[in-house]
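**Q** Chains as they are written, first to last, in this note's numbering: chain A, 1 to 620; chain B, 1 to 197.
In case anyone wonders, no lab produced these hints; they're calculated from the structure. Heads up, the beta-carbon is just placed ideally off N, CA and C, and yes, glycines get one too. Among the hints, a few may not be true.
[Said to hold, decoys possible] Reference listing, derived: stretches of chain A covered by chain B, where coverage requires no fewer than 3 residues with Cβ under 8 Å from a Cβ of chain B: (1) 175-181; (2) 585-591.
[Said to hold, decoys possible] Cβ-Cβ distance ranges computed for the label pairs, FRET-style: (3) A:Asn463 / B:Ser116: 29 to 37 Å; (4) A:Ile137 / B:Lys119: 38 to 46 Å; (5) B:Asp57 / A:Phe197: 45 to 53 Å; (6) A:Ile500 / B:Lys139: 36 to 44 Å; (7) B:Glu192 / A:Leu7: 38 to 46 Å; (8) B:Ser126 / A:Lys56: 47 to 55 Å.
[Claimed, not checked] Straight line, CA to CA, 27 Å or less: simulated DSS-like cross-link-like pairs of lysine-lysine: (9) A:Lys11 / B:Lys84; (10) B:Lys178 / B:Lys139; (11) B:Lys139 / B:Lys30; (12) A:Lys55 / A:Lys160; (13) A:Lys464 / A:Lys515; (14) A:Lys11 / B:Lys195; (15) A:Lys346 / B:Lys30; (16) B:Lys2 / A:Lys354; (17) A:Lys262 / B:Lys2; (18) A:Lys359 / B:Lys89; (19) A:Lys285 / A:Lys193; (20) A:Lys10 / B:Lys89; (21) B:Lys29 / B:Lys195.
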Amino acid sequence: MNVTRILTGKKEEKLFLLGNEAAVRGALEGGVSFVSTYPGTPSSEIGDVFSKLAKKAGIYFEYSTNEKVAVEVSAAAAAAGLRSFVFMKHVGLNVAADSFMSTAYLGTKGGMVILTADDPSMYSSQNEQDNRIYARIAGVPLLEPADPQEVKDLMKFGFKLSEQIHLPVLMRTTTRVSHMRGVVHLNDIVSPKGKGFFEKAPSKYVPVPANAVRMRKELSDKLAEAEKIADSSEVNKVYDFGNEFGIITSGGAFNYVIDVVKENNIPAKILKLTFTYPFPQHLVKEFLSTVKDVLIVEEVEPVMEKEVLAIIGKYQIPVNVYGKLTDTLPRIYEYSPDIIKEGIRKISAHTVNKRRYLKADITLPVRPPILCAGCPHRATYFAVKDAVKKLKLKDVIFPTDIGCYTLGIQPPYEMADYLLSMGSSIGAGTGFSHATDQKIVSFIGDSTFFHAGLPALVNAVHNKANLLIVVMDNRTTAMTGRQPSPSEPVNGMGETAPEISIENSAKGIGVEFVKTVDPYNLAKAREVFEEALGYDGVSVVISKHPCALITDAERKKKNIWMTFTINQSKCTKCMVCVKEWTCPAFYIEEDGTVHIDPLICDGCGVCVQVCPEKAIEVRK
Amino acid sequence: MKTYKIHLAGVGGQGTIKASSIVGEAAMKKGINVVMSELHGMAQRGGVVITEIKIGDAHSPVIENGDADLIIGFEPAEVLRSIKKASGKTFVIMNSARIVPFTVSLGMSTYLDNPSLIKEAIKKFSHLYIIDAEKLARKAGNIMSLNMVLLGSAVAVPGFPLGREEIIQSMKESLPEKTIEINLKAFDLGFERIKNM
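Only chain A is shown next, with the shape it has when bound in the complex (with noise of 0.2 Å):
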């Protein structure tokens, strides 16, 4: 499917869309005019399709520099009377949570959504927070759709919800939600807006204590009215199967809940929550009267379990409680169709049989991601683990940060000791230097450089701290899809835009020691690299080279492509390609020779200046 069917899909006609993709054509329906972004999985698709039709559909959408500049420019907006649509992945709202806090006590005047993707089982995330958990800190109404068309028809209730009440509202995906295809029916394009205009009102944007104390008041106000909404809300759903026991989930879990139900015949009520906060107590209470006992599917921490308890304990209703609290289902990771299975055994006398699969015999290899053929961080990384070694520096240090280079943590490099978050290798770096007498060398890339490394780079020059800070500069945001980075003279539009120089940014906070590198050049890499490391003070070594996979779609469109080859004649099996540089077109033959696989080569070449017999030629 082409995805400008997004945007040109009429009413009435069904696409097969990703829960990503149906966000982008809810907000659309719901008549989005501003919509801004930091990418990261289980939530960068959405950003990919805004940003391919945008313009075509006149609205406003940028790459910010992180999750908190996007909470705060998609604010802003809805303060002007937009309706502003900004998300992110879970921890994401972690960087943005200061002003998220915020955005509830000012309220909002045009609707505001903000989507979390969770990440549950951390497919692609450092934590699995559960971003529920948030709604409830903030004081803001909590959405959870299950599937790609709620996640539709949820946006354009978020917005109107987000008006109704005057406060942001916030949806939760999970990564089985986001990440799940499904056949959406589509509704009309509202048309944006265009511009809005402020009407200034100090006593309602500026949360300074005396406005604050009011607001607090006001949001708890705003929060009961959401309460009744939830109540009564159309989007809480029962689907009655039986009465021996009931069940209350949420989001991608009900998919589980709802297809066990029915496979197996179990005469179950299921009370389905879309809207869960404020959480619905009158409606759960009705529903907890009706059952003597109640299951609790809920991904990732006993949110609504707690909830439920807290209304058994207030009214005191005589109904057992089944969950994560009492060990019926696990209490972290995904839950899975087996999960539910198993917890309903548990707990029901209808029989649930389990079903027999198969079992291997044999030990399989583990196939861990690994650095594409021609990517500049392995070439970057074997530069700096050469100096290193030059210098024979002992216990280097090398904090590391998000990213496609955080996969120098596996072998043969091992350059990845220490990680927090978005742009803590410098922070951390910092941290190391005045703590140990031991070398440090950070890691860090070019987006990520802007997302979070700024601040910790001025912290790092003020504090007079020691370490190389090496800026693995790729040209992009690469993990994520490749996103323009503020180092590109492109923006999320796609128009030209300033590029803002990585080089330049370090001399002006005071780094004195600044130069930048072709990683592809090994010997001139590791000569800079050298340098640095015996450089006393904030080194930065900007390490520049577009992403392989740019490159290689540029070799593709132009038609010059050439693949590199082994001369078997010179090679003498030293295995310096397969052990020490590890690219992946590289293989061994059963009879010990080595390889190269012209499928996966990208014909970068930098292998030739790693074999020391100067065996790697130009594949003819």
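Once you have looked at the hints, place chain B on chain A.
**A** Relative to chain A, chain B alone:
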């Protein structure tokens, strides 16, 4: 109709997601409900890629252990890694061409030779089709059409709920025009290979 469940297992870059969405779109056009699960992100860098499709009355795109009707394996080790999704009733297509992960050349893990992998598959699966999809893709004109070879072979498996023409229509709508000819040839080669088994 009974819900039909397909599990696809491959390695980043083999085109598993594309093959899956073609099936999904074909089902939707036929008016049948369909849900599909795909995982993106870091795994694309040469890691394991899994997609699952349920055609029929299903909400969750995730298949229970032992409940897949069909497993389409793009790589022999990945077929065996997905074995718990299969029961004795499951039909299994196995591409016999291996992709050896870098962990093997580094000595961090071992990869059994082809005959042992195939022996294990034959021992375990009751309805197994082994095809060299790489060879057929080359024959079609481009190794990149490997996913369409496997899609063609899937359509030929007994019980597959969508017709050959329905899938071909869906391919025409979602593949780049200049690749259509090779992809259709690849599809046919995969289809014929299974039909003649």
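**Q** Taking the hints in turn, state whether each one holds.
**A** Status of each hint after checking the structure:
no.: 1; hint: 175-181; verdict: holds (count 5)
no.: 2; hint: 585-591; verdict: holds (count 4)
no.: 3; hint: A:Asn463 / B:Ser116: 29 to 37 Å; verdict: 59 Å, violated
no.: 4; hint: A:Ile137 / B:Lys119: 38 to 46 Å; verdict: 57 Å, violated
no.: 5; hint: B:Asp57 / A:Phe197: 45 to 53 Å; verdict: 49 Å, holds
no.: 6; hint: A:Ile500 / B:Lys139: 36 to 44 Å; verdict: 50 Å, violated
no.: 7; hint: B:Glu192 / A:Leu7: 38 to 46 Å; verdict: 40 Å, holds
no.: 8; hint: B:Ser126 / A:Lys56: 47 to 55 Å; verdict: 52 Å, holds
no.: 9; hint: A:Lys11 / B:Lys84; verdict: 42 Å, violated
no.: 10; hint: B:Lys178 / B:Lys139; verdict: 17 Å, holds
no.: 11; hint: B:Lys139 / B:Lys30; verdict: 31 Å, violated
no.: 12; hint: A:Lys55 / A:Lys160; verdict: 24 Å, holds
no.: 13; hint: A:Lys464 / A:Lys515; verdict: 19 Å, holds
no.: 14; hint: A:Lys11 / B:Lys195; verdict: 41 Å, violated
no.: 15; hint: A:Lys346 / B:Lys30; verdict: 40 Å, violated
no.: 16; hint: B:Lys2 / A:Lys354; verdict: 19 Å, holds
no.: 17; hint: A:Lys262 / B:Lys2; verdict: 13 Å, holds
no.: 18; hint: A:Lys359 / B:Lys89; verdict: 14 Å, holds
no.: 19; hint: A:Lys285 / A:Lys193; verdict: 41 Å, violated
no.: 20; hint: A:Lys10 / B:Lys89; verdict: 42 Å, violated
no.: 21; hint: B:Lys29 / B:Lys195; verdict: 25 Å, holds
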